[in-house]
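> Sequence:
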Amino acid sequence: MTPRPAADVAQIEQIVDTFFAAFVSGPESTARLDALRSLFIPEAVIVATCGQPPRVYDVDGFIAPRAELLTSGALEDFTEWKEAGRTDVFGDIAHWFGSYGKAGTHNGADAGGRGMKSMQLIRTPEGWRISAAAWDDEREGLTIED
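Residue 135 in the working numbering sits at position 135 of the sequence shown, with consecutive numbering throughout.
The set of hints was computed from the structure by calculation and includes no laboratory data. Yeah, the Cβ is synthetic: ideal placement off N, Cα and C, and Gly gets one too. Possibly wrong hints are sitting among the right ones.
Cut-off 16 Å, straight-line C-alpha distance, at most; resulting in silico cross-link-like pairs (EDC-like, lysine to aspartate or glutamate) [stated by the list, open to error]: (1) K82 x D137; (2) K102 x D77; (3) K102 x E83; (4) K102 x E80; (5) K102 x D136; (6) K102 x E138; (7) K102 x D137; (8) K102 x E76; (9) K82 x E138; (10) K82 x D136; (11) K82 x E13; (12) K82 x D146; (13) K82 x D17; (14) K102 x D17.
Label pairs and their computed distance ranges (CB to CB) [stated by the list, open to error]: (15) G141 x P27: 36 to 46 Å; (16) W135 x A35: 18 to 28 Å; (17) G101 x P27: 16 to 26 Å; (18) A35 x I122: 16 to 26 Å; (19) A7 x E140: 40 to 50 Å; (20) E68 x D17: 22 to 32 Å.
Please model the complete structure; the sequences and the hints are all you need to start from.
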């Protein structure tokens, strides 16, 4: 396999970092979510599984309910972060796969946990962008091995 160009990996890691940084409640939530939108191609597909039937979103359908949660006050002291991950690059396509954590409260109840996310990226004239993302969270019978 061709070596991963360091500049490409750095750009992709920055996209992944910006993605996770968008999910923080409090001041600047709107600005972080606006930055999130710019990470995707307009036709991107985002899918959540989490032990339920898949929920498939377009970019706006993914961001809108999260913006409501992060700005409504129902989600407090919330943050999401990447833990460990791997970036693979071949030409104009790339993939990031890794674990993440989240913590906070939603209407007074714990909103913490861990999961795995998969992001496919493509090189566009504007730079690397997410073309697809999917995630699944830990639950009874499904845990991330440390």
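> Each hint needs a verdict: does it hold in this structure or not?
Status of the hints after comparison with the structure:
At roughly 13 Å between alpha-carbon atoms, K82 and D137 fall within 16 Å of each other, so this suggested pair holds. Between K102 and D77 the CA atoms are separated by roughly 10 Å; this keeps the pair inside 16 Å, and the hint holds. With a C-alpha separation of about 10 Å, the suggested pairing of K102 with E83 holds against the 16 Å cut-off. Of the pairs offered as hints, the one joining K102 and E80 holds, with about 4 Å between alpha carbons and a cut-off of 16 Å not exceeded.
With a C-alpha separation of about 13 Å, the suggested pairing of K102 with D136 holds against the 16 Å cut-off. The hinted pair formed by K102 and E138 meets the criterion: a straight-line CA distance of about 11 Å does not exceed 16 Å. Taken as a hint, the K102 and D137 pair is honoured in the structure, with Cα atoms around 10 Å apart against an allowance of 16 Å. The hinted pair formed by K102 and E76 meets the criterion: a straight-line CA distance of about 12 Å does not exceed 16 Å.
For the given pair, K82 sits about 15 Å from E138 by alpha-carbon distance, which is consistent with the 16 Å threshold. Distance restraint check for K82 and D136: the Cα-Cα separation of roughly 14 Å lies within the 16 Å cut-off, and the hinted pair is therefore satisfied. For a cut-off of 16 Å, the pair hint linking K82 to E13 stands: about 10 Å separates their Cα positions. At roughly 14 Å between alpha-carbon atoms, K82 and D146 fall within 16 Å of each other, so this suggested pair holds.
As the CA atoms of K82 and D17 are separated by approximately 7 Å, the hinted pair is consistent with the 16 Å bound. Distance check on the hinted pair: K102 and D17 sit about 14 Å apart at the alpha-carbon level, within 16 Å; holds. Between G141 and P27, the C-beta spacing of about 38 Å keeps the proposed range 36 to 46 Å intact. Between W135 and A35 the C-beta distance comes to about 19 Å, which sits within the given range of 18 to 28 Å.
Roughly 22 Å separates the CB atoms of G101 and P27, a value that falls within the hinted 16 to 26 Å. One distance hint, 16 to 26 Å for the beta-carbon pair A35 and I122, holds here, with the actual separation near 19 Å. Range check, A7 to E140: about 42 Å between beta-carbon atoms, so the 40 to 50 Å window is met. For the pair E68 and D17, the supplied restraint of 22 to 32 Å holds, since their beta-carbon distance comes to about 24 Å.
Going down the numbered hints, you'll see the structure goes against none, and every one checks out.
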